[in-house]
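Chemist: Residue strings, one per chain:
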Amino acid sequence: MQADTAASDEVPFYPMPRAAGCPFDPAPEAQALLHTTPISRVRIWDGSSPWLITRHDHARAILTDNRFSAVTTRPGYPAASQGQLTRRRTAPTFIAMDGDDHKRQRRMLIGEFTVRRMQQLRPAVADVTAALLDQMAQQSPPIDLVENFALPLPSIVISRLLGVPYSDHDFFQSRSRTLMGVHTTEKQAEQASNDLLDFLIDLVAARQAGPSDDLIGRLAQHVAGGELERKEAASMALLLLFAGHETTANMIALGALVLLERPELAAVMRHGDDSAVTAGVEELLRLLTVAHLGRRRVALEDVDFAGVRIHAGEGIIVASELANRDPEKFANPDECDFDRAANQHMAFGFGAHQCLGQSLARLELQVCYPALFQRFHGLRAAVPSDQLQFREEMVVYGLYELPVTW
Amino acid sequence: MGIEFHIDRDVCVGAGQCVIAAPRLFDQDMDGIVVLLHDVRSQADEISIRDAAQMCPSGAIAVRR
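Residue numbers (my numbering), protein chains in the order written: chain A, 256 to 661; chain B, 940 to 1004.
In short, the hints are calculated from the structure, not lab data.
Please read these numbers as outputs of a predicted model, since none were measured by experiment.
Just so it is clear, CB atoms sit at the ideal spot from N, CA and C, and this is done for glycine as well.
There could be a bad hint or two in this list.
Stated by the list, open to error - Short derived list, chain A residues pointing at chain B, Cβ under 8 angstroms:
(1) Arg362
(2) Gly366
(3) Arg371
What the hints assert, rightly or not - The calculated label-pair distances, taken between Cβ atoms and stated as ranges, are:
(4) Asp355/A - Gln993/B: 49 to 55 angstroms
(5) Arg948/B - Ala379/A: 48 to 54 angstroms
(6) Ala1001/B - Asp450/A: 44 to 50 angstroms
(7) Gln993/B - Gln463/A: 40 to 46 angstroms
(8) Asp356/A - Gln993/B: 25 to 31 angstroms
(9) His977/B - Gly568/A: 43 to 49 angstroms
(10) Glu519/A - Val974/B: 38 to 44 angstroms
(11) Ile986/B - Ala379/A: 30 to 36 angstroms
(12) Gly354/A - Val979/B: 27 to 33 angstroms
(13) Gln446/A - Ile986/B: 50 to 56 angstroms
(14) Glu519/A - Ile986/B: 28 to 34 angstroms
(15) Arg948/B - Pro396/A: 36 to 42 angstroms
(16) His290/A - Val1002/B: 28 to 34 angstroms
(17) Pro283/A - Val979/B: 44 to 50 angstroms
Here chain B stands alone, though its shape is the one from the complex (with noise of 0.2 angstroms):
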């Protein structure tokens, strides 16, 4: 897959809003933070990646490439 992402739970606020743009991708453990629950599998998946980390306030999911 070319695109290049990375997750940081570390700076996730919990806002959801990967969970909104992504719900197959992501979801919130019960702390609220962010979860990955798969790999990129898909052009489809890479769409839902980059929609997240557009939508993510915090910057917990960013898109390198």
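With the rest of the complex left out, here is chain A (with noise of 0.2 angstroms):
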């Protein structure tokens, strides 16, 4: 039974809440719902009610097929927020493009997250995390392992990418913190962006006078050629900074949670081997997809899809973490399971626009688990489970601080 259009007070809200005590399952009326009606209708905070998509096939389907836009401009988009929308009118970059505008940019960027790139990048990745770590163990715990390491390690190794001189690490660290920040007004977030933006728009025009073997330096090339606005590039950089920080932070936070209470897959990243902890980290990434309210479409025609006729200008939510719940793909889909194969999990999106920094964000969990646990071999949550916060109201999910203590 698919609900009705409009005006249906059993339309539910989305996205629904989770069940207390179960901070790594989605909510069980969202799971419910992939049981009873795969396709269904939402309500959303801007009162528009989007088809909601659960199943794994169906997700993989919607995201594949051109007929279902990205551009968030478009009326009908079902956007997460009033400041998404806001932040992609005013600094618009290739996630809200389609087809050959989509490419185009994209493509000015894939050479630099290639997998070969990615395992050069190692090293430095785990000199970065071995840095923050001694950091972390000349403090008397407890500490807090998201402000100490969580946060800041995806945050440096994105600045180096892009190529942020040293001696601009400070001013860029505290705005992208603003930026990122729990408590930042809407204005703040506005203001701390801005300032970004702008130090990008003078960064990029340095490098076009003299060019650097970095991102920055690589898009500024690209302005040199008429290829690119000025503007364009620092946006592009800002949404590198901004997709590459959170989702990558909360990941490794959320992570180290679900090892520091489950003992044996701790021992799995303490003394596994390479592709026991790549297999490991496939699998957090399936059970927690911490980008949790879903990837967000609009339709550009009619579409008859699995029984439901989608209207020209209805909106989508592909809800990635119900997909990756999906028992049709994974077996015992709520089971932390470290010796599944979850490479098909869909914690990255699917489509051409799945996630550009993917093996970036794999490389720094690859590298982050295994020498987090090696390094304190005592690690344990400073405080009770119950006292934990998590992150249910923001566009990524995951904890907002994790006292550890050793």
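Once you've looked at the hints, go ahead and assemble the two chains, each given alone in its own frame, into the complex.
Modeler: Here's what the structure looks like:
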């Protein structure tokens, strides 16, 4: 039975609340939809009623069908929040483009994020990780793993990749921290974002004059060649900062919490070989799906999909967090099982927009979990689990703080 | 060999999932676009191509048969 269009009291609100005490699992009400009505309407913050896609096979089909647009400014696009709408209007980038427009900009970046490039980056990521762990070890526990490890690691790595000069790191880190901050107001976030955009515009200009062997240096060459506006290049750099920071930071902390609660899994990270660690990282990505508010699209034309008529202009939310728990794809999907082959998970999405930075994210996670658990053998949470607070309301899920001791 | 497949470099978005799934068969060029390293020579190669096609997010690697 499908829920009918508008003005129905039965149309549930999305997102639904997670169960207390089950912070690693999606909302039970949402998971139930996978079994009862895999395609149904939900209500979102702006009053619209997009379709919610929950099955793994349906999710893959929608995200590879170019009748569904990623353009945020199209009427009917189900934005995650007003903030997202505003951000995408002021600094538009290729994540909100379709077809050739999307491809043209994305292709300027993919050479930076190849599997080989990331392999070459591994020693540098290991060094950054070791330095952070050294600093942690010098402090007296308990300390916050989010503040001291999960947040700075991806921030330092992406600023190196971009080519932010060392002398500007403090400015860069502090504005990034504000931008990601939980208590930051919309106005403060806008200010921090503008500060960073201005900084990046200046940096692109400097690199046009004196080229550099880093990501911003290469974007500057595209600007010099007339393929990009300077502001577009800066917006792309800002997107990479934003996209690669919060997501990875939350996977680091939330994954660490899973490992703290499951000593046998921590042992795999501590003692396992590369393939065991790799498999563990994929399984944590699947289980946790920190980008937990779905991939959003809007229909460009009427589409008959799996027994449902989707009309042009209607919104779609592809719930990757639910697709990752589809029992047709993953046996016993709610189990964290490092021995399953989790590699077809959708934590990084699917289709042409699949996460550009996924190899970098994998690299950081593959390095940091073993390093953390090898350095601190007695690592444990310093507060009872019912005192931990989770980022339910945020676009990227995870922990606000994770006090640990050793 | 029984498999029929097609590689479309124009559709490739450089996700690199083919390289992870089948590193002996696939690589990325300097621009990050898919490169097939050699023709299918064995049953194992066929399986690798099918795995890579499953993982490919853009449909650049497509198995017809």
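Chemist: It remains to establish, for every hint, whether it holds in the given structure.
Modeler: Here is how each hint holds up against the structure:
no., hint, in the structure
1, Arg362, "holds, 7 angstroms"
2, Gly366, "holds, 5 angstroms"
3, Arg371, "holds, 7 angstroms"
4, Asp355/A - Gln993/B: 49 to 55 angstroms, "violated, 26 angstroms"
5, Arg948/B - Ala379/A: 48 to 54 angstroms, "violated, 30 angstroms"
6, Ala1001/B - Asp450/A: 44 to 50 angstroms, "holds, 45 angstroms"
7, Gln993/B - Gln463/A: 40 to 46 angstroms, "holds, 42 angstroms"
8, Asp356/A - Gln993/B: 25 to 31 angstroms, "holds, 28 angstroms"
9, His977/B - Gly568/A: 43 to 49 angstroms, "holds, 47 angstroms"
10, Glu519/A - Val974/B: 38 to 44 angstroms, "holds, 40 angstroms"
11, Ile986/B - Ala379/A: 30 to 36 angstroms, "holds, 35 angstroms"
12, Gly354/A - Val979/B: 27 to 33 angstroms, "holds, 31 angstroms"
13, Gln446/A - Ile986/B: 50 to 56 angstroms, "holds, 54 angstroms"
14, Glu519/A - Ile986/B: 28 to 34 angstroms, "holds, 31 angstroms"
15, Arg948/B - Pro396/A: 36 to 42 angstroms, "violated, 52 angstroms"
16, His290/A - Val1002/B: 28 to 34 angstroms, "holds, 30 angstroms"
17, Pro283/A - Val979/B: 44 to 50 angstroms, "holds, 46 angstroms"
In the structure shown, a violation is registered for the earlier hints numbered 4, 5, 15, in ascending order.
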